[in-house]
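A.B. asks: Sequence:
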Amino acid sequence: MGYNLPKWTTAIDYQQHTDKVVVSIADAQTGATDFTIEAAALPVKTEDFPVVRNSFVNLDASGAVTTGYALSRLQLFADTSDEDAVKLTLTDGSLSRYIRQLKLGKLMKYEYVPEFQSALYAPVTLQQAQGGENW
78 MGYNLPKWTT AIDYQQHTDK VVVSIADAQT GATDFTIEAA ALPVKTEDFP VVRNSFVNLD
138 ASGAVTTGYA LSRLQLFADT SDEDAVKLTL TDGSLSRYIR QLKLGKLMKY EYVPEFQSAL
198 YAPVTLQQAQ GGENW
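Taking the working numbering, I'd label the letters of the sequence shown as residues 78 to 212.
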């Protein structure tokens with residue numbers, strides 16, 4: 078609850094090919110394929126990427142305001158705005174229906190990150206963070 082992320086378990090089928098990545102997500106209720114993303118495996122950059130800190134603020138299960146952060150560093154990276162680089166196939170699954178309700182527009186940017194490092198630090202109450210703990 079501290080990370081305020083959706084909480085469910087479902088099957089995820091990930092296939093890495095030389096020219097593409099295919100990810101199929103199962104509907105948690107039926108087990109059938111909910112949606113599939115097929116995306117190009119782009120030529121990657123291998124420069125020395127900086128460590129990036131992303132902070133978040135959420136409510137925990139008791140309603141207390143919590144904060145935390147993650148440190149990330151790309152190891153391999155590529156991006157494109159070519160809409161032909163990604164294909165999203167929706168079905169009648171629950172997440173596909175939700176995605177349709179969002180009425181998303183055009184693809185702005187696709188980021189291909191086949192390798193990265195990340196550390197997610199456990200959230201603390203905002204009061205603890207203001208006291209300097211975990212920061």
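Treat the hints with care, as some may be off.
Here are the in silico distance ranges between beta carbons for each label pair [unchecked claim]:
hint: 1; residue 1: Gly208; residue 2: Glu115; range: 27 to 33 Å
hint: 2; residue 1: Ala199; residue 2: Thr86; range: 27 to 33 Å
hint: 3; residue 1: Thr95; residue 2: Val128; range: 41 to 47 Å
DSBU-like, lysine-lysine: derived pairs with alpha carbons at most 35 Å apart [to be verified]:
hint: 4; residue 1: Lys183; residue 2: Lys122
hint: 5; residue 1: Lys97; residue 2: Lys186
hint: 6; residue 1: Lys122; residue 2: Lys97
hint: 7; residue 1: Lys183; residue 2: Lys97
hint: 8; residue 1: Lys180; residue 2: Lys97
hint: 9; residue 1: Lys97; residue 2: Lys164
hint: 10; residue 1: Lys164; residue 2: Lys183
hint: 11; residue 1: Lys180; residue 2: Lys164
hint: 12; residue 1: Lys180; residue 2: Lys122
Hints were generated in silico from the structure; no laboratory data involved. Given the structure is predicted, the values throughout are model-derived calculations rather than measurements. Using N, Cα and C, we set each Cβ at its ideal position, and we do this for glycine too.
A.B. asks: Look at each hint and say if it fits the structure.
C.D. replies: Consistency of the hints with the structure:
no. : hint                           : result
1   : Gly208 with Glu115: 27 to 33 Å : violated (48 Å)
2   : Ala199 with Thr86: 27 to 33 Å  : violated (21 Å)
3   : Thr95 with Val128: 41 to 47 Å  : violated (30 Å)
4   : Lys183 with Lys122             : holds (25 Å)
5   : Lys97 with Lys186              : holds (17 Å)
6   : Lys122 with Lys97              : holds (17 Å)
7   : Lys183 with Lys97              : holds (21 Å)
8   : Lys180 with Lys97              : holds (26 Å)
9   : Lys97 with Lys164              : holds (11 Å)
10  : Lys164 with Lys183             : holds (12 Å)
11  : Lys180 with Lys164             : holds (16 Å)
12  : Lys180 with Lys122             : holds (33 Å)
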